[in-house]
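Residue numbers (this note's numbering), protein chains in the order written: chain A, 1 to 357; chain B, 1 to 357; chain C, 1 to 357; chain D, 1 to 357.
Source of the hints: derived by calculation from the structure; they are not laboratory data. Think of the CB as a built atom: it goes at the ideal place given N, C-alpha and C, for glycine as much as any other residue. One or more hints might be untrue.
[To be verified] What the simulated footprint calls covered on chain C by chain B, stretch by stretch (three residues with Cβ under 8 Å from a Cβ of chain B suffice, anywhere in the stretch; the number is not a length): (1) 120-129; (2) 202-216; (3) 246-258; (4) 289-301.
[Stated by the list, open to error] Which chain D residues face chain C? A few, computed with CB under 8 Å, are given here: (5) Asp12; (6) Ser73; (7) Pro76; (8) Asp143; (9) Ile154; (10) Thr165; (11) Ala264; (12) Gln267; (13) Gly271; (14) Arg275.
[To be verified] Over the 12 Å line for every Cβ pair with chain B, so calculated as not near, a few chain A residues: (15) Gly67; (16) Ile154; (17) Glu237.
Listed below are the residues making up each chain.
There are 4 protein chains.
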Amino acid sequence: MIKIGMLTSGGDCQALNAAMRGVVKTLTNSGEKVEIYGFLDGYRGLIYGNYRMLTGSDFSGILTVGGTILGTSRTPFKLIHEPDENGINKVDAMKKTYKKLKLDCLVILGGNGTHKTANLLREEGLNVVTLPKTIDNDLWGTDMTFGFQSAVDIATNAIDCIHTTAASHGRVFIVEVMGHKVGWLTLNAGMAGGADIILLPEIPYDIDKVVDAIEKRSKNGSRFTIIAVAEGAISKEDAKLSKKAYKEKLRNRPYPSVSYEVAAQIQEKTGREVRVTVPGHVQRGGSPCPYDRVFASRLGSEAGKLILDGEYGFMVGYRNREIVKVPLEEVAGKLKMVSPDSSIVKEGKLLGICFGD
Amino acid sequence: MIKIGMLTSGGDCQALNAAMRGVVKTLTNSGEKVEIYGFLDGYRGLIYGNYRMLTGSDFSGILTVGGTILGTSRTPFKLIHEPDENGINKVDAMKKTYKKLKLDCLVILGGNGTHKTANLLREEGLNVVTLPKTIDNDLWGTDMTFGFQSAVDIATNAIDCIHTTAASHGRVFIVEVMGHKVGWLTLNAGMAGGADIILLPEIPYDIDKVVDAIEKRSKNGSRFTIIAVAEGAISKEDAKLSKKAYKEKLRNRPYPSVSYEVAAQIQEKTGREVRVTVPGHVQRGGSPCPYDRVFASRLGSEAGKLILDGEYGFMVGYRNREIVKVPLEEVAGKLKMVSPDSSIVKEGKLLGICFGD
Amino acid sequence: MIKIGMLTSGGDCQALNAAMRGVVKTLTNSGEKVEIYGFLDGYRGLIYGNYRMLTGSDFSGILTVGGTILGTSRTPFKLIHEPDENGINKVDAMKKTYKKLKLDCLVILGGNGTHKTANLLREEGLNVVTLPKTIDNDLWGTDMTFGFQSAVDIATNAIDCIHTTAASHGRVFIVEVMGHKVGWLTLNAGMAGGADIILLPEIPYDIDKVVDAIEKRSKNGSRFTIIAVAEGAISKEDAKLSKKAYKEKLRNRPYPSVSYEVAAQIQEKTGREVRVTVPGHVQRGGSPCPYDRVFASRLGSEAGKLILDGEYGFMVGYRNREIVKVPLEEVAGKLKMVSPDSSIVKEGKLLGICFGD
Amino acid sequence: MIKIGMLTSGGDCQALNAAMRGVVKTLTNSGEKVEIYGFLDGYRGLIYGNYRMLTGSDFSGILTVGGTILGTSRTPFKLIHEPDENGINKVDAMKKTYKKLKLDCLVILGGNGTHKTANLLREEGLNVVTLPKTIDNDLWGTDMTFGFQSAVDIATNAIDCIHTTAASHGRVFIVEVMGHKVGWLTLNAGMAGGADIILLPEIPYDIDKVVDAIEKRSKNGSRFTIIAVAEGAISKEDAKLSKKAYKEKLRNRPYPSVSYEVAAQIQEKTGREVRVTVPGHVQRGGSPCPYDRVFASRLGSEAGKLILDGEYGFMVGYRNREIVKVPLEEVAGKLKMVSPDSSIVKEGKLLGICFGD
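Please work from the sequences and hints to get the whole structure.
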């Protein structure tokens, strides 16, 4: 008999259900008897002992369904050691739930913040296996996270749509793409959508370079310019600020996000009409793309195998086209960023894309 | 020999190319010799004599392509009688171009504003045939405009994506849908996407009714609420203001659009987390949906037939499943709105949708 | 207290769930107490008393889900009066189930065959309200059926894909489209996909006309030709055969379907390479398109209202953009076909489409 | 000045245009003067000197367009040394064209057969750089080929659609997936679409194992079974035949393809209704998916760089997430197959998928 708890934490994304189905199918097909405790709304469910007993049939038919059947919530790691509003110690409460239910293992699906807490639970002696979920693809230790390719598809589709309208009106169009503090999503969606300019957090931009690129396109007869801007993009000047000073700047910025600031600057410097589109949370939703369904199923299946083998303390990741187990302590707290010297960025430049640097 | 000028004016939308292809295929297949002057960027091309000579092959392969191969621009009707920056009288200039090229007819594709100018040109003695293009579906004299169904598809897809993320996080989500001052797009996308609350310009909302609907859903066990808000939605109080006072209010409103105002009010009154998504111009773009391709092709074809028959002064519209010709003077300056007493709204209420009234 | 039975019969299609959800939401939102008996697998469930009790929550979240939560089966009308393998009289059995459960009304969703049986049940004294479901759009008494537009979208998408490959290889490509004995689906998907030749059951084709159209395109520089062939398309010679002789011919035809016969003839007469694609049942599946979701929801809602008003014996249909109730005896046994003289066919010809006539 | 010839050969697929655009953009952005000879319809254009001079603008706007702007054809390698119908030696003719135009390099996009000929041209002294195009993903020397992921998306979508209809009717459904003699496409689309049984060329099937899997599902309460069958799937008995005997068997097989044979066997052994769907060439068509657009652009860009560096005789491939150059002699004539012992197959089995072995 194997007793596992399962939870999804942080921002939701596509293929969470596919991954959980992979874990559960692998366990139930193994012949072992399995008890599954599905904790609701992320770590909160673990803290407050809020769960549902699940069986194999709960995971039937969810391969293609977006979101998470367990619900999710954000439980910031930096507040994990602070008691909740009722004075409850969160870490203790999680351990208590785990022990009370006599779990053999916790399966935790999440991104960066989630992995910090997962690693903490491991250090506290709990058996943990994790799965790398995030549309940002910024998790250390894995070449790829599920949710990412689905979000690329959605963001690209938005750029595709903007292309026809930008071309018709002869405008400059900015599409703001998600990705938190890293540029993977913007870089891939931008290249897939044929964006002319791509601004990433990892490559601070010089607004004058951006303006030059627009003017150059215009001189060469192009009626329009499409700019893919990462929500975490940053200008060269801002990148020089201290973290505190930058936060202060953001607080006082008279724009809802960086795209609007870039738009205002371009408008001012060129006199051109600039429009901003922010697909936002749409990028997290909908049915996972086939790539993510296969990928999440495979990861889930390998997580199930780890549990059957009694191997704990790992994130199941993907490296060099192999599915691998990565020690949680290697993953937690590190960010996988786009290197300005990576071949994909160089190829982007060869293709004529302006990165504003 | 038939000489036609063609232009697309106003905001672009899907199936403009499909409609123009329909006109041109019908003319060229008729055996008549045809000369086609494609005016660039809407009325501006007609004013300044900026055009390209086009042949049948220019219209080959564009059935499925979004945007407009002629480009478009907005030429506000209320400024039509004012001279341009160089003192040129726009109406005279358009007539001059028309006469200089010895055109038999102008084919004009556009929405409300476009039709006012088209009717003016008709009054000035030009031969005009128009086609009803707009994602807003607000043109008088036709049950349907092309672009509309494609935009419904895109907006619905956004709501679908939001559904999975809203359900996962247990949030209130607002999706702001285009449509200018009418609610067709929001109503249809909202119903198609399963929105729980739909706010339309034609049915001013009471924010307390909206809040009640959210709380009632919560009591019945729903973790989330999806609200489709038309970009032109208006509250009951605001609807009582004079046009001038309302404009003044909008100018001073500390929100980029009505959705953010609704979000702030809900957040304040319920304490719930509310997220806003604005798909924006994406709704105008991309390949036209099959419905619009067929519809625009049919309208275009009938416009071609009118020209062959020498019948001018009409918009080709769609009424009671028949394609009809509608005198331009009946169309210009009127708005087709959603009636609060229409059967679709009543059905929406039977389905449990809250309209905030 | 209202007790309704509900069943879906015949080939499945998109938006069956959306329509049932519309009925149930309308009933449960009315304040009346409602008991819902969902009969499984079409009339079979009614015959053998095989049902599930359903509540409002069973219909939550199914607006966007294809197929039918009740399952379906084909129960041919011409065998309805014949006893089953165990000697059970089907009509009596259905009446017995209805009476035993003390139902107030049966809600039946189906196409042509289904409506014959539904009308029979009405004649036998049962209260019946029906909804027009079929991708074929061949139901009499309604301008539109749900499932149709979704199937058009899928078939069009197949033609779109074939377009790029046909153009690359310079081939003749046949796409066989569903639609049973009528041509609505092929006509609309063919026009939306830009098919060059469209063969419909209602317009028997002359293969030499088809060959001429291909050669003419070739002479005009087109590398490829796309032909949309309805699964029920028929040649001029075959159309002259008696029904019996035609059936005999089909039985002996050395081709899986008409498309392969057309392909062989073209290949023989032109020496060109012809490829056949048959998307098949894919056309019935997947999430309903937004048009169908709205449409089916509206029809379902009006069906719910009829039940609340105690009005039975009707199909809820759509005519001249109004949702109407149509007496079942007017619907049963009649086929709505594409008229060769309809404006849409004429417009198709103006656009240059060859119908083989 | 760099003079390149470019051609696309073999079955077309998605992202051919994206890849060519990548090559050309990289060359033209380099500052070098470039002359581009686009050979029409594959090697045939090279043999007969049939080409178009292309400029950068010919490659603008084709990133998202399926097919190939150069056209393609199949020129079987085994006939390459045989003279054509007019006695022309093909290899000599190709060399002659190359020399006459004083090309610096040939850029060849194709799959397995294409690479054999490309390698032959290299051996004959021509400068060649190739790009790995095929929906089959069976090219040696690269982890991935472009077109593959787009085809996975389309085939998965077909399985998704079949899922709803299979579930509604309680049937066994077979979806035949392309892939020539390898199973990559079927394996990935099958896993993504949640197929219950997957039959691959690399894992010969035992029909009784397939039947057992269907019956087992039925016992466990599943109403339906979905089987993804590769067009090259083969039974255990057939796999034992000599190549010649197997070919003989195929010639005499009374079924259009293996799927129909499997269907007939299942129907006979279980009495269940089995339906077959063959999406066919649709899988090659349509706009490339975002993954393929990025991937093909990157490969194209690196091919451009090789040419700028004067490095010839390579295929640009993808290994361990790095874009690499692979000597053509290593690629030609080898097939990359799915290993029955690969982790993805093992994971599939853990997930409960039956492979018929």
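A quick look at each hint next to the structure:
1. 120-129: violated (count 0)
2. 202-216: violated (count 0)
3. 246-258: violated (count 0)
4. 289-301: Result for this restraint: holds, n = 8.
5. Asp12: holds, 4 Å
6. Ser73: holds, 7 Å
7. Pro76: Violated: closest Cβ of chain C sits about 15 Å from proline 76/D, beyond 8 Å.
8. Asp143: violated, 25 Å
9. Ile154: Constraint on isoleucine 154/D satisfied, holds at 7 Å.
10. Thr165: With Cβ-Cβ at 5 Å, under 8 Å, it holds.
11. Ala264: Alanine 264/D check fails; min Cβ-Cβ to chain C is 13 Å, beyond 8 Å.
12. Gln267: Violated, about 16 Å.
13. Gly271: violated, 14 Å
14. Arg275: holds, 6 Å
15. Gly67: For glycine 67/A, whose nearest Cβ neighbour in chain B is about 3 Å away, the distance does not exceed 12 Å, so it is violated.
16. Ile154: At about 7 Å from chain B, isoleucine 154/A fails to clear the 12 Å cut-off, so the statement is violated.
17. Glu237: Its Cβ never comes within 12 Å of chain B, the nearest being 25 Å, so this holds.
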